[in-house]
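Peer 1: So you can see what is in the structure, the chains are spelled out below.
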Amino acid sequence: MPRDNNDTRVFKVVGTRPPRPDGIDKVTGRAMYGADVTAPGMLSAQILRSPHAHARIVAIDTAAAAALPGVKAIVTAADFMAQDDAGLDDILVNCMARDVVLYDGHAVAAVAATTPAIARAALKLIDVTYEALPHVTDVDAAMRPDAPVVQAGRANESVPAGMSPNVTHHCEFGHGDVDAGFAAADVIVERSFTTAATHQGYIEPHACLATFTGEDKADLWCCTQGQYNVRTVCAALMGMEASQLRVTASEIGGGFGGKTTVFIEPVALALSRKAGRPVKIVMSRDEVFRATGPTVSSSIDVRIGMTRDGRITAGEAVLRYSGGAFPCGTVDMGAQSAFAAYDMPAVRTLGWNALTNRPKEAAYRAPGAPMAIYAVESVVDELCQTLALDPLDVRLKNAARKGTLSSYGPTFDDIGLVATLEAAKAHPHYHAPLGPGQGRGLSAGFWFNFGGNTCVSLNINTDGTVGVTEGNPDIGGSRAAISQMAAEELGLPYEKIRTIVADTASLGHNDVTDGSRVTFAVGLATIKAAQDAVAKMCARAAAIWGIDPDAVEWVDGAAQPCGPNAGKFPPMSLAEIAAVSFQTGGPIAGHHEFNADGAGVSFGVHLVDVEVDRETGATKVLRYTVFQDAGKAVHPSYVEGQMQGGAVQGIGWALNEEYIYGEDGRLQNPGFLDYRIPVASDLPNIDTVILEIPNPGHPYGVRGVGETPIVPPLAALSNAVSRAIGLRLNRLPMSPPRILAALSGS
Amino acid sequence: MLAAEPGVTRILTGGTDVMVQMRAGLAAPALVVDVKHLTGLRAITPEAGGYRIGAAVPGAVMGEHAGLRALWPGVVEGVELIGSTQVQGRATMAGNLCNGSPAADAVPGLVAADAVVRIMGVDGARDCPVIDIPAGPGRTTLAKGDIVTSIFLPARPARSGDAYLRFTPRSEMDIAVVSAAVSLTLGADGAVTAARVALGAVAPTVLLVDEAAQAIIGTRLDDAALAALAAACSAACRPIDDKRGTVAFRTQVAGVLARRAASIARDRAHSAGDAA
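Top line first, the protein sequences correspond to chains W and R.
The numbers in our numbering rise by one with no breaks, and the one at position 9 of the first sequence is 9.
The numbers in our numbering rise by one with no breaks, and the one at position 2 of the second sequence is 2.
Bear in mind the hints are in silico, worked out from the structure with no lab data behind them.
Glycine is no exception: its CB is placed at the ideal position from the N, C-alpha and C atoms.
One or more of the hints may lead you astray.
[As the list claims (entries may be wrong)] Which stretches of chain R does chain W cover? Using the computed rule of at least three CB atoms under 8 Å from a CB of chain W, they are: (1) 8-14; (2) 162-176.
[To be verified] Simulated coverage check for chain W against chain R, where a stretch passes if three residues somewhere in it have a Cβ under 8 Å from a Cβ of chain R: (3) 167-178; (4) 354-365; (5) 675-682; (6) 732-738.
When you get a sec, could you build the whole thing from the sequences and use the hints?
Peer 2: Below, the structure written as structure tokens:
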């Protein structure tokens, strides 16, 4: 799609920083989150969860719990229909274990009762007889032929014979003659890395309220990144027609990808159907950690060859990911993105997914990419050290650019990597002196970005204001950005627009808020919907004036005749046209529905300075700068917020965050005390530099910005720590005991 | 009332442990007695050159007490590390002690200070050194019906100082992986005349490490003395491997923290001497 004169267009609203429409409600406590919805006669539900990493469910006796006064319904796997579609059935089995529990925290039964205390008491009365099975939680251990089998028969056709049944999926990407490339290298570095599973760490736990108002008609309120996906999945699992299940998304207290699936919603629906009353489920933090999606855990080998002057001749990576107890395709995205920042003559990546007795992976900002790029960027950094080359110069020398055949197949169009690297090189941060015990690290990062199915309605109100109805929960300020784009296109002030997130009955399908797609795709649909409304307003003005609609143009929020030949009429503003709309043909609205293409890939570069206490292994982050191509920053503050937030989550991932499993296969740290996300005092200000290399696929040049910023911090931190202590680390997180052990040589 | 209750009982002051444990399902007491409004439990009272701190005095109030800060800065800094600003408005030093955590931030400083706990029991009041209260993770030597009413921090000679350091992966809102408190007094010549060294989170209960104190008494805390102090602390550790740290890590860092705390305590002792 061609840009609308993007190079010369002067924006009036896009690029400014108005307050977000949801801000006051959120800081004053008025915003309605998942747990804030109530209904008359509502029951509270609690879920009984497996204490075993892997066990057969021999029997579940619910009689005593059912007899407890106040208990209104109990469900187990027996209350759900198995699904023909394997993906849907996995979601269902993850919501409620069938015959076997596959991880510590796996749901086995749920109780709805008149109070939470009664529901909790009832859980203690449910008698589950388990037969413990051998378990495996480590991805490398799970791939061994003699590993305990998590699920058998789940391998797809890509997996060669003879491997552990835990291996479900294999992929391969690349081009060129890798052997010849390595033969041309002066130096080859080959290293192995591991990364721990991390949790998205949203502050708001999952919560929902389900109510059946008839046998096959229900309403569901929930905290989600995609109400349409919730409807699709839940309608299938409940055997309902989509039209009879209305799903309304609450305000969302963080998602980061982790709220793109369902965990409790089908359970609440099943309990409500059985009890005939509204049922609310609110997860505890312990449940969030044990039973909702962390990232994959990974084990990765990377081999890169380089000439003495810093030219990469070949690269190879083998990635072993585990997305928990269910088949998972995330390794594809890791294998595709690992070398995306480089223009390489020869590259090959192999990906494997293996089942482990861990919770089912859920998306987390750029799923699969951070760990793959961590491994590659660590090896590139070591090559730079070995050859005494400047790490930014080497990345510039090998940078992917327009016309580069990417490591995953497509040829790149306009991309911002070189500009981003140059911005980093020119920045004072890169040249600031370092003190003793300090190190500076950098990493490039990449994410594909996504467009997807999108539907927007834009209503012209008779008082001259405008309502935009969109279908994607606002997880990063998107209502502000969408209002800005509507205001820009209509020529109205930002304050005249109100953007709301509709329920599933009020608007056509919208894909989940993921893939950094909303500002891009919903914004594009909003622009098109505004253009649709503008055309209709021009037609109304033409009818009033008695001239041809083609002779009317829209300038600065008003219809006017285009040129003196069209006729001499004073402009009619949007408000004036709207005020008489009932006399000129009725209400005016614009719509746009499409499957958005052209999202435009995104690159970022992160620079970080750290200081390591060699006596305790503690790492202090001293200075951090994010450079990223936003295409066009619609609301620069929220672009900066995405860049800062991704950096902070990546810092946590690099330094302390990890799922820790004991020998018994149970999660040892299901809470924010021992699952350590950074607190504000752990962090310096995260400086940001936004670059704007327009995306050819969007009329304003917008690229998604939400995911790329979590990709570079892992390697940036690891490279900084490694340079600070003079030792190369290859395992995340780089927690103080690990750094101290490395320094002690143990 | 507490003694008569056959079930599990809890005494509540700030509630920052008791309420959390109840909500998490870790404790289901049959009786909870809120004592924070009992007379005198919320007062910091000068006594014999020291201070008697009521059991319900929140950390924030201790932190704002200039006299207490001047006399026992290490004890106060330990208390102030408990939780967030909000938690500081409720959390108490006595509660931190009675919760029985080996990682309690207030306790090593109290042990180094040789503080004395006043307990109101069924048979009347009695005093007990702080070191005798913890009995193991989540356990104390207090009997059912005992209520800690105050903790007494004694007077101290001129040129005295104390300090508390803990290691946490995060800079705040965290729990000590290992911790150390040092209290010492310098002579006119700058040599250490008295010292007490306590370690947290390296054993089932707080440790008072006499060998570490002996390693610095009579020295001017030169590098050799500090190294001996660190070695004595590491030798005294009986830690566990767990999700928060390894045996090797805790053992090594205990010595590092004790050495650093001793240096801070010395600087404070010098300052206290200068001020006197």
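Peer 1: Hints first: check each against the structure and report whether it holds.
Peer 2: Results for each hint:
1. 8-14: Not satisfied, violated; 0 residues make the cut.
2. 162-176: It holds, with 8 qualifying residues against the three required.
3. 167-178: violated (count 0)
4. 354-365: violated (count 0)
5. 675-682: holds (count 5)
6. 732-738: Answer holds; 3 residues pass the 8 Å Cβ test.
This entry does not satisfy hints 1, 3, 4, going by the numbered hints stated previously.
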